[in-house]
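Participant: Okay, here's what each chain looks like letter by letter:
Number of protein chains: 2
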Amino acid sequence: MPEDRLSTTLSALADPTRRAILARLSLGEASVGELAEPFEMSLPAVSKHLKVLERAGLISRGREAQWRPCRLEAAPLRDVNSWLDSYRRFWEEKFDRLDAYLQELQKVDPDAEKN
Amino acid sequence: MPEDRLSTTLSALADPTRRAILARLSLGEASVGELAEPFEMSLPAVSKHLKVLERAGLISRGREAQWRPCRLEAAPLRDVNSWLDSYRRFWEEKFDRLDAYLQELQKVDPDAEKN
DNA sequence: TTTCTAAAAAACCTTTCAGTTAAATAACCT
DNA sequence: AGGTTATTTAACTGAAAGGTTTTTTAGAAA
Chain Z
1 MPEDRLSTTL SALADPTRRA ILARLSLGEA SVGELAEPFE MSLPAVSKHL KVLERAGLIS
61 RGREAQWRPC RLEAAPLRDV NSWLDSYRRF WEEKFDRLDA YLQELQKVDP DAEKN
Chain P
1 MPEDRLSTTL SALADPTRRA ILARLSLGEA SVGELAEPFE MSLPAVSKHL KVLERAGLIS
61 RGREAQWRPC RLEAAPLRDV NSWLDSYRRF WEEKFDRLDA YLQELQKVDP DAEKN
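In order, the protein sequence lines correspond to chains Z and P.
Everything in the first sequence is counted per the UniProt record's numbering, starting at 1 for the first residue and increasing by one.
Everything in the second sequence is counted per the UniProt record's numbering, starting at 1 for the first residue and increasing by one.
Check each hint, because a few of them may be wrong.
To be verified - Here are the simulated distance ranges between beta carbons:
#1 E34(Z) - S31(P): 47 to 53 Å
#2 P44(P) - G28(Z): 45 to 51 Å
#3 R5(P) - S31(Z): 29 to 35 Å
#4 S86(Z) - R63(P): 27 to 33 Å
#5 E93(Z) - D4(P): 22 to 28 Å
#6 L43(P) - G62(Z): 46 to 52 Å
#7 S82(Z) - R24(P): 15 to 21 Å
#8 E37(Z) - E92(P): 28 to 34 Å
#9 R71(Z) - T17(P): 30 to 36 Å
Stated by the list, open to error - If you only want the chain Z side, here are some residues facing chain P, beta carbon under 10 Å, derived:
#10 T9
#11 A14
#12 A23
#13 A74
#14 A75
#15 R88
Since the hints were derived computationally from the structure, they do not count as laboratory data.
Heads up, the beta-carbon is just placed ideally off N, CA and C, and yes, glycines get one too.
Let the sequences and hints guide you as you build the complete structure.
Facilitator: Okay, here's the thing in structure tokens:
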């Protein structure tokens, strides 16, 4: 159902195993077996996770003999980042307000932290 | 089973209806009915989406008479942004390579764009 | 050719998800 | 009290997610 690209990307990222795989791939190419090694999970399960990542364009796969080395493809992450950008001001604003509040506290009772 | 925060956030965001709700809330507080209005979807369905967003900490809800106004809470988005940060160099690197390629093209055939 | 290894596909199971309709809550307004 | 409005809860459905084991495919090596 989530036919739009951003939904596909985000739901691919919404799984800790898949994020761990991406983290591993950020260190360099790896085969399916190498990627599966840290997980207490069958190989086909990892293979499925890789297919999800591939469908989302987050990885690509080559062929070398009987291995299919995976590599990270960051373009969809950039798209997530762009989407996030339109909300950046909200968390920055929040921080500013907290900052202002803390300054206000200091003004009213500069020695509060000593108690 | 104890789902990590980032996974909860990302899977909440992986739905276009929920992202549309957040986009609406970025314009200001709104009641459930107001939020539901643009969608061809029953009200309980929207109510469920709101519960998902609330569980993810992406919205908070007040009480005003029979209305429950929702407002955007951006902190989890900041966390997504932080996570993304460690991958930023990958898409920027990619861009650099494209840039280098384009410069190479110009060097080899400086008049290509005139054709 | 046979055999080993890497990976994917198939078939299946269970849980979660996104939606529905119908009923319950809660606060306001006569 | 009784009725209207806003929202949630309950009960149900169908489809998708995430895992399993078993079977295929593909290439390397013997």
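Participant: Does each hint hold? Answer for all of them.
Facilitator: For each hint, the structure was consulted:
1. Between E34(Z) and S31(P) the beta carbon distance is about 51 Å. The supplied range of 47 to 53 Å therefore holds.
2. The supplied range of 45 to 51 Å is met by P44(P) and G28(Z), whose beta-carbon atoms lie about 48 Å from each other.
3. In this structure, R5(P) and S31(Z) meet the distance hint of 29 to 35 Å, their C-beta atoms being roughly 31 Å apart.
4. For S86(Z) paired with R63(P), a C-beta distance near 29 Å keeps the hint of 27 to 33 Å intact.
5. Under the hint 22 to 28 Å, the C-beta atoms of E93(Z) and D4(P), about 26 Å apart, fit the expected range.
6. Between L43(P) and G62(Z) the beta carbon distance is about 49 Å. The supplied range of 46 to 52 Å therefore holds.
7. Checked against the hint of 15 to 21 Å, the pair S82(Z) and R24(P) passes, with Cβ atoms roughly 19 Å apart.
8. E37(Z) and E92(P) have their C-beta atoms about 30 Å apart, which keeps the hinted 28 to 34 Å range intact.
9. Range check, R71(Z) to T17(P): about 33 Å between beta-carbon atoms, so the 30 to 36 Å window is met.
10. At about 8 Å, the closest approach between the beta carbon of T9(Z) and any beta carbon in chain P falls short of 10 Å, and the interface hint on this residue holds.
11. Contact between A14(Z) and chain P, as hinted, is supported at the beta carbon level, the nearest pair being about 4 Å apart and thus within 10 Å.
12. Among the interface hints, the one on A23(Z) holds; its C-beta lies about 8 Å from the nearest C-beta in chain P, closer than the 10 Å criterion.
13. The criterion of a C-beta within 10 Å of any C-beta in chain P is met by A74(Z), whose closest approach is roughly 4 Å, and the hint holds.
14. Nearest Cβ of chain P to the Cβ of A75(Z): about 6 Å, under the 10 Å cut. The hint holds.
15. With a least beta-carbon distance of about 7 Å to chain P, the hint placing R88(Z) at the interface is held under the 10 Å criterion.
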